[in-house]
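Protein chains in written order, with UniProt numbering: chain A, 1 to 993; chain B, 1 to 106.
No wet-lab data here; the hints were simulated from the structure. Please note that a few of the clues may not be correct.
Anything over 12 Å on all C-beta distances counts as not near chain A; from chain B, calculated [to be verified]:
hint, residue
1, 10
2, 46
3, 59
4, 73
5, 90
6, 92
7, 93
Stretch-level coverage of chain B by chain A, calculated; a stretch enters the list once three of its residues show a Cβ under 8 Å from a Cβ in chain A [as the list claims (entries may be wrong)]:
hint, segment
8, 47-55
9, 74-88
10, 95-101
C-beta: ideal position from N, C-alpha, C; glycine also.
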Amino acid sequence: MSTRLARGGRLIDRSAPLDFTFDGAKLRGYEGDTLASALLANGRMLMGRSFKYHRPRGPVASGVEEPNALVNLGLGARSEPNVRATTTELFDGLTATSQNRWPSLAFDLGAVNGAMSRLLPAGFYYKTFMFPRQFWKHLFEPVIRHSAGLGRPPRDRDADRYEQIHAFCDVLVAGGGVAGLSAALAAARRGLRVMLLEQGAGWGGRAPVDGGTIDGEPVETWIRNAVQALESLENVTMRVRCMVAGVHDHGYVLAEERIADHTPGDGRPRRRLWRIRAGRVIAATGALERPLAFAGNDRPGVLLASAVRDYLVNWAVSPGDRTVVVTNTDDAYRTAIALHEAGLSVPVVLDLRERADGALPQQARALGLRIETGKGIAGVLGRNRVTGVQICLQAGEGAVLETVDCDAVAMSGGWSPVVHLWSHCGGKLLWDEAATMFRPDPARPPTGADGAPMVACAGAASGALGLAECLAGGHASAGGTGPAPVGVTPDEAATEPVWIMPQGAPVALRDKMWLDFQNDVKVSDIQLAAREGFTSVEHAKRYTTLGMATDQGKMSNINGIAVLSQALDEAIPQVGTTTFRPPYTPVTFGALAGEARDGLFQPLRRTPLHDWHEAHGAVWEPVGLWRRPHAYPLGGETTEQAIRREVLAVRQAVGMLDASTLGKILVQGPDAGRFLDMMYSNVMSGLPIGRCRYGLMLNEQGFVMDDGVVARLSEDSWLCHTTSGGSDRIHAWMEDWLQCEWPEWQVFALNLTEQFGQITIAGPRARDLLETLGGMDLSSGALPCMAWAEGELAGVPVRVYRISFTGELSFELAVPANRVRALWDRLVAEGAALGAQPHGTGALHVLRAEKGFIIVGDETDGTVTPHDLNMGWAVSRKKADFIGKRGLERVALSAADRWRLVGLETLDGAVLPEGAYAVADGLNANGQRNTQGRVTSTYYSPTLKRGIALGLVRHGPERLGEVLEFPTTEGTRIRARIVDPVVYDKEGARQNV
Amino acid sequence: MLMLTCPACGVTAEETEFAPGGEAHLTRQGPGSGEAAFEGYLFARKNPKGVHFERWRHAYGCGKWFHAARCTATLEVFGTYPMGSAPPPDLIARLQARRPDREGRA
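This is chain B alone, in the form it adopts within the complex (with noise of 0.2 Å):
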């Protein structure tokens, strides 16, 4: 059972209190999409063995959506950060520097 901070709160909780909520950063595709673009959408996700953005709510919380980034292996947690914003410069570094060899981006 995973540990994680929700960023609009900041309470750290267990994850029973959380709600998980798939692959983050998507881009919605509505009408007028190309076929493929909109199987993307709706299929296509990411199941990394490794570095993997999300996106949770703390539905028994606060009842905000966040995203975290986290290791779907060691389930290492390097950071949370609100809904709506690019993952910040310092979970960046600290990617880097956890995971030298990662390749792509959130």
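Chain A extracted, bound-state conformation (with noise of 0.2 Å):
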């Protein structure tokens, strides 16, 4: 039984308790519990289940490395799930269930997957639940995902904000044990800029735990002083609740602060991102005790002894009366005697090693504590409780020598580095035989811009795992001067590699034994994947799922490698280690995305004309970051009824259209109309002063990138419309080539989109509109087809481009942006007798394909040519060269079957679906039909009253008249006529009046 202590714990304050419920259960902790030391105080050890089997489990370790204890926190729109028991804060009215149970905890029918569990071993969904092929996604896969996964995802959207923040240092110190301490301190005594974060809610790492004197005190009084004397200087930056989650490119780092987790809804952000540029990042992240591999190792009460002394020492939990230790190390054995010294029983000491002769075997033995050396465990009783286990020799294949009774085990497999830091930028690992660790290996270090090292680690990190190292190692990686702090504890002696407790374990036992506890991935599974040629430690991990659950292998890794190069009868540094990836432990999305959600989640542009079309219930059509009217719909109309009343009205009367999104580069210089020879497909620099002409622009390889009207403004200058997404991208693109490829050209390309707002009055009625404003002579003689002209419309200067996009007499109206809105009004005022509407995209839309007028994006995707289109007259043949001029002489860009530009005619007067292809005879390689065409814009035409389409068909000009049929994704067959694509006065007459 777990239970509170009647004294100690350093870090408990008795006079403040806490209420908080677990699955429902009303219990109490203390201000400076974990949920994990809580729950164990009210002898609750049973907290979870795992992936796989649903086995029960308890805590196997204190602190983000936790594998089992993962519990579901918060209610509703705090709702979170898969948290670590061990690493949350304990506070009033925090609320706990467990997770992946049914009905509950204590009794789950999913453990039935236990006892099938030689029917599900390393990748069993890869080999079983194959055939028949549809009961996969009828019945196997259902069940596996309602079987599967831990914590589920909330429902609610989340209560909390997020916040994100930039940081610069000198040194990012990461990590605020006594390494961390020394290392900060050191750098900020050299005056340097100085980061000091630690994930957990205090300083000094494990040394209080451990004990030990520092310059001559004991170690809690060392790290108090330490940091007072830091936070007392104004260089240096500290955070506890600070989780270095990553180290990045040129000493990008990032961390994750835990502001309100502990005091959810008292208005601060739940957490914080910090972005910070780090010159040096010291990685004083400490070191991770390794699980022991035996039979039974994960049962409820087998904990990690430095866990144990953890609970005992900090929140004065102990998780057992009588505590059975299996160690491989000495570090051990300090449990050992924290437990015997707290009055708890200590059975006996199971030492693996030969030998346990150091100071704290001596200390422990001094103590009367039984020492039995070269003994091992061979299994653990008890089902959701461990109530005993069976000693064998280490040496032999489990053999039982005896039975104790026990309800807990501590274990200890010996010291993982925390070498992540280390790793994520590409710093290489050496094999410690000695020490039995992966450590750092300092001849290989991750580098920066400048190619010098930018990430160094202190302490345990390091592999140096005593408190005198510790100090010592943090003071020189921070270059500090003067002498060191110095530490003392007791010597230890050498651990001695142990992966399978006991060595010759038979089959039966190596079935038993847990590597990674939550994905449930057992010592057998490694083996098995090893002889089915899983050689790889990168394939053997993805096979079994070894190290692939929420903690990422913390605790597994390295046993599973030393199981896998056992398997493989090769050397450790041979398997080598798979690859760490930031983040060191799970980060939130929120803190992620920060304040960019909802209006911040992306700038929206906003036309000047935007309030007046947000107050005439305008239906919005996203155009890049703009938003365009894509109709306004009158009392009750639907969206579609709408778009159809607007194209009639342009029709029959006059529309009004915001067409500010165009884009608009003024392109000017001595060589401008030489750059736009280049840049069109046509030949810009012969273009008349006052004229305008449509331009399309290719890429090198010759397909379509975009199109617009080009306006000569005066000799040296042209202006250039962009299709509305197009112009940022148009304008680098012209940069490009001006800066990189002609840079002695004189020439300069200026973005003027948002300078200018931009009108289209379309319509028999349009030029009526434009004169009752009066101002300019608009009459065909002054301002024929394809011309502009500047002047004055009600007042407010315009230039006047005759340019239609409709078919019908069309007038664009550019305005400086501040006085759009003004002119718009007027237009409005005075339109009404004539019955102008405003219009959106969506009839524009309708009225350009009722032309056989292309939108790039619509018949163009990238591999379109302008003769696809129908457009050769735009390809110059006179000009040497041009943008995709070469790239259109590629063979396969004139072959006689290339799909073509054609109007499709509905044979019943259907509306053809979106992205419909037209099938051919014979089916292709892959056994599909055959295809001769597809729909690239449809709509309902009002004006025809009947389906109209544009398409790319296979020799389409060639083939008017021909029927194709499109297969719906209803299963039923379209039939469609290849016509002209200009359904609507094809001579061009309503726009030339």
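Since each chain comes alone in its own frame, lean on the hints to assemble the complex.
In structure tokens:
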């Protein structure tokens, strides 16, 4: 039975009790508790169920490496799954529930998987459930998905807010243990800007639990003084509850600070993401204790020896009354001694080594503890809780020598340095045989922008586990001047590599030795993977899922690698490690998103008329970061009904369109004409001043990438219109060529898109409407098609382009952005009598499709040439060169059977589905129907009162009158005739008035 | 996230301030070029694990394109230099010192 002791507990405040619930039970803990320590104090060892076999599990660790004690924390909008109980600080009113169990934690039907474990070996999902095929989709997968998984994602929108902060420092120290404090002091005293970040809630790391003296004082005294000294320095920034998640390129460090996890709803942001540029990183991230692999090592009550000590010293919690210690290190004797001194029973210390003569074992012996060397555990008794262990010889095959009653086991398999931050950017490791650990290889560090090392490990993270080495290493890593703090602890004898207990364990035992506790990967699974040929550590990992749980193998990887190396009969360094990737522990998506949610998710570009559109009920269409009105439904109209009305208004009276999003790039300079002749496939240098010309832009491959009307403004300046989404991209494209290919050409390209708004007035009454404003002669004599003129309308300066995308008499008015609204309001007022209506992009698309005009991105997809669009007229034959000319000369681009633009007219007047394909005879190599064309744009035409479409069809223009079949997703077929793309006013009479 | 120094304006900034432009020092192949040369110009790009000469644009700064010499494996930046120029001698010297076994040139 785990319980709270009457005395002690360096982190808890017994005068501040806290109430919390677990699975509905009302429990009590103290300020300073973690959820795990509080549950243990209430006698609750069982905290979770494993992923695959639903094994009952208690905590095995006391920190971030915990794989078992995962709970769902909070309710509703503050619900969070898979939270480690060992790192969750207790607060009043905390609500936690257990996961991955049904109907209850103590009695879980899913545990039947454990009885079937022989049928669920490593990689079982690759081997079984394969046939018959439809069973996978409808039976196996739903069942597996229901039973797999741990916590459930929250249903409600997150109630909390998150923020991000940028910071800069010369030295970033990750880890506030004694090595980190020593490093931070040394760096700070050199006058450097220092950041010291500690993932836990307090300073000092493990040292206060493990004991010893520093500079002749108790460890805790030195820590207190060091923290005070650092806090008094202006060049030091310190944070607890701040986990350094990753070290990235050139010293870019991400850290996540838990601000209000333990004070939910107090108004502060829940978490803060630190985005830090560090000149240098000192990883003082400590080490993690490894479990030992013996049969039944996952039973609730089997804990790491260091965790048992933590619960005892930090929180005055005894995981059990009688604790068997099993170890291959001297360090675990600290646990035995601490338990004994707390008045608890340690029936036996099982030391896997042949000798145990170090200072700590001697001290334990002197206290009268029973020590058995060369002995280990053959099996663990008990189901939801340890009730005893069977002792065997480590050298043997598991014959039981003796059974000892106990309710807890403290195990120590040695320590693994936390090398994650060292490894994130390519720091290499070496296998230290004597210390039985992978540790950073100082000769192969991660390097920064200048090629110099950018990360150093200090203390246990470097492989130096002793107190004295931690202090000295921290001091040295920061270039400390003067003497380093001197730590004194008992000397420790070497550990011995022990990967399986006993060493000759038969399969029946190996099948119960857990390596990855959360994902239920056992020694037998790794050995099976090796037998089946998964000999690379990366393959074995993925086949068995070793190290792929939420703890990312913090406890399991080294043991797994060692077992794999034995199975392959290769040395551990030859097997190597899997890749360490950020983050060190999970970072919540909320922190990564920060403030970038809702209105701040991305910038919204508003045209000068945005507010008017909004006030008049526009349905929006996103175009890049712009919002354009798609239609303006009136009364009870649907969007489709509004579009039809707006189309007819343009055809019969006059329409008003906000075209401000069109890209407007001014190209100016002595070489501007020459430059535009390279940018466009047609000739722009010869365009007369005062005239406009439609232009196509190709990429070097010869494919259409943008289009728009170009106006010659003066001898040396042209205004290039681009597509709405394309202005920034095309401006950058021009800059690329100007700066990189023809830097000697004298040309400026200036993106004026937001300086001018643009209003399109189109329809038979367009001229009438503009003439009501007064100020310019807009007659066809003064302003013919494809001409432009400058002047004033209603007192507003405008440039009027006589260009048409609708086929109607059309004027585009370019207006300084701050005057657009004034002109628009006048047009609305004067237009009422003429039947003028605003229209959106929905109507515009229909109107242009009736005229067979393409839209880049609809009719083109990056593989379409001007010739495919029947726009060979826009490709100059005279120019020696332009971007895309050489590309168009490629054989495939002039092949006769390319898909080319046509109109499609359904036989029954229906509207073709978007993207529908026209099928051809026969099957392709994949057994699919051959195709001969596809729909690129399709609408209902209120003008023609039937469906119209544009499409690309093989030999298209040569096949006018042929009927194609378009299968639909509903299984029906629509038949459509190939027609001319221009289905309205082919001769263009309507715009020439 | 890389740090680069724009040789045009002298600002050292985060990668988010720049836009990458692929391999540097390509020669454009226009009309009249052979099939193989044109194919190489369009598609064949070096993808070395090691020293790479690249184009970058200070897109959210001064807007200028420039060149950078960088190690794709260690992310060491050997230097940046203006568009339209060959790698400066001090950059080449530094490169030879840091990567004496390197084959080929910019």
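Going down the list of hints, with the structure as the test:
1. 10: For residue 10/B, whose nearest Cβ neighbour in chain A is about 16 Å away, the distance exceeds 12 Å, so it holds.
2. 46: 17 Å, holds
3. 59: The claim breaks: residue 59/B does not keep its Cβ more than 12 Å from every Cβ of chain A (closest is about 7 Å).
4. 73: Non-interface label fails for residue 73/B: nearest chain A Cβ at 8 Å, not farther than 12 Å.
5. 90: 14 Å, holds
6. 92: 16 Å, holds
7. 93: 14 Å, holds
8. 47-55: violated (count 1)
9. 74-88: Held - the segment 74-88 of chain B has 6 residues with a Cβ nearer than 8 Å to chain A, which meets the minimum of three.
10. 95-101: Coverage by chain A is violated for the segment 95-101 of chain B (1 residues, Cβ < 8 Å).
When held up to the earlier numbered hints, the structure conflicts with 3, 4, 8, 10 and fits the remainder.
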